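Now for the letters of each chain:
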Amino acid sequence: MRDIAVISFAQTPMRRRVEELNEVEMLMPAIHDALRQVDMTIDDIGFTCSGSTDYLAGTAFSFVSTLDGVGPWPPIQESHVEMDGAWALYEAWVKLQIGEIDTALVYGYAKSSPGDLPMVLTRQLDPITVGPLWPDSVSMAALQARSLLDAGKATEEQFAEVAARSRRNALDNPNAQLAWDRSAADVLAEDYLVAPLRRSDCAPIIDGAAAIVLAAGDVARSKVTRPAWIRGIDHRVEPIHLGLRDLTVSESTRTAAAKAGVADGPIDVAELHAPFTSQELILAEALGLGDQTSINPSGGALSANPMMTAGLILIGEVANRISSGDANRGVAHATSGPCLQQNLVCVLEGEN
Amino acid sequence: MAETREITLPASLRDVEPVRSVRTPAQLDYEFTAGDAASRFLRGITQKRIIGQQAPGGNVYVPPRGADPELGQPTPIEVEVAQVGTVTSFCVVNLQFYGSVMEIPYVSALILLDGADLSVMHLIQEIPADQVRIGMRVEAVWRDDEDLEPTMESIKWFRPTGEPDDVDVRIPGEAHGTGLGSWPGGVAPTEALVRNPRTGQGGEH
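Read top to bottom, the protein sequences are chains A and B. Under the numbering used here, the first residue of the first sequence is numbered 1, with each subsequent residue one higher. Under the numbering used here, the first residue of the second sequence is numbered 1001, with each subsequent residue one higher.
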């Protein structure tokens, strides 16, 4: 296996609505910034892969237009996934493993503000038996949170603690959208949004973009002093029907974590893609995280959750902390589908 | 050969006709964002001006979409283009498409406006469909001033100017091909064959 590292990461400031720009105008600064950080242009990149979905902004062939921002001329090797950019990163990692190229550009973006996101997400559900009921994503997550409470595995107080801690951490993140210092008790005093979830238990809806540059072996070492090496990466998927799964655990995350080697060493920092507080508890358990791990110091998805991008951002956040020397080994997680249906786990480490 | 299994229905369903299909209407509403580049272009349309955009060193794009796809850069330079141009391709539409108010047959065409580097798509009217040809010179026909809106429909259509044809009109993309068998010499563009617009290197084209 080749050693592949994250050598740069850039994101746009996360905002509720980016009204004045279209998708390519919003995305370009992230791509340019990620390349500029390592003094590269598209001509230095062997493979480009992106994650996005046209359903969010209601723009047909959006992902084709956003490729304009990369400058794909002369023609480039390129691919796209209708997934979070974390999966685009996985595809780029596989491409780099094959050995014909040494660098890759990965990006993800979404403008969710033009549409009604919870309704748009119903289109990913079974079209015959579930979709026609239009069960919004918040209600689906609430079903899972209810299962967790009824199983005695968590309390609403614990949900509120996650909500408070995440937004407090986000105060140190200039890119986060939701950052405040309020107590868990304040959160518990809120009315339910969709019981048992309160508004503070849910991620904000965001327009934003992010980009990462990957490089192999010595190319990575020549570009940055302390590359964040990908030591393991894996993703697993569960059945889409909620009734076919135990919603209080995340088996796919547990399996992906085992395959990625999470337990092979200490985890200094973990960035978990949990758009709902209840899901962070499930993920922390599935990953086997203990007290020595700092969870979501960036504020996580609860502070900024651009669709198709949040998972990629969390990989970037862990990579940044490793590159800066603040952490030595970390895990980033990304999720997709209703109630943690599909999960990707990435273990990153610095070289000492 | 796959094993087939008998499916036994519960008694209450035995005489019920099986469901063979379901209709699941779905509608999602969006508030579309034109973006900065397209908004500036459309505002120009309300003033009866056709304003393309380019990146430094790049092509003039009409309508602009926010990025120069060859350079991978924004297009901040505004270039007003002429309201006359040359037909670079066209088709004759014989089907009544849903929502179309056009009388068939009508002509849909790609028009290279003077000053632009890429063709814009619009309608050709005021000439029999079978007389439209590549190289024909055409001019924009606008709606009345009070009906101008930020939409390409503020230009009702293009009509022939009567000038002599530009038979040598540059067809955008002909230099490096547009796919589907159009590659020059039958060879698809590669890094070696295509000029890199950022470095200026390479390229027979």
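For the record, the hints were derived by calculation from the structure and aren't laboratory data. From a predicted model like this one, the values you see are computed outputs, not experimental measurements. Errors might be hidden in some of the hints.
[Said to hold, decoys possible] The calculated label-pair distances, taken between Cβ atoms and stated as ranges, are:
hint	chain 1	residue 1	chain 2	residue 2	range
1	B	Asp1168	A	Pro75	25 to 33 Å
2	B	Ile1104	A	Phe61	21 to 29 Å
3	A	Asp136	B	Arg1043	48 to 56 Å
4	A	Leu193	B	Ser1021	57 to 65 Å
5	B	Lys1048	A	Leu133	45 to 53 Å
[Claimed, not checked] Derived, one-sided and incomplete: chain B residues facing chain A with beta-carbon distance under 7 Å:
hint	residue
6	Thr1024
7	Tyr1098
8	Val1101
9	Met1152
10	Val1194
11	Asn1196
Ideal Cβ placement from N, Cα and C applies to all residues, glycine included.
Status of each hint after checking the structure:
no. : hint                             : in the structure
1   : B:Asp1168 / A:Pro75: 25 to 33 Å  : holds, 28 Å
2   : B:Ile1104 / A:Phe61: 21 to 29 Å  : holds, 27 Å
3   : A:Asp136 / B:Arg1043: 48 to 56 Å : violated, 37 Å
4   : A:Leu193 / B:Ser1021: 57 to 65 Å : violated, 37 Å
5   : B:Lys1048 / A:Leu133: 45 to 53 Å : holds, 50 Å
6   : Thr1024                          : holds, 5 Å
7   : Tyr1098                          : violated, 16 Å
8   : Val1101                          : violated, 22 Å
9   : Met1152                          : violated, 16 Å
10  : Val1194                          : holds, 4 Å
11  : Asn1196                          : holds, 6 Å
Comparing the model with each numbered hint stated earlier shows that hints 3, 4, 7, 8, 9 do not hold.
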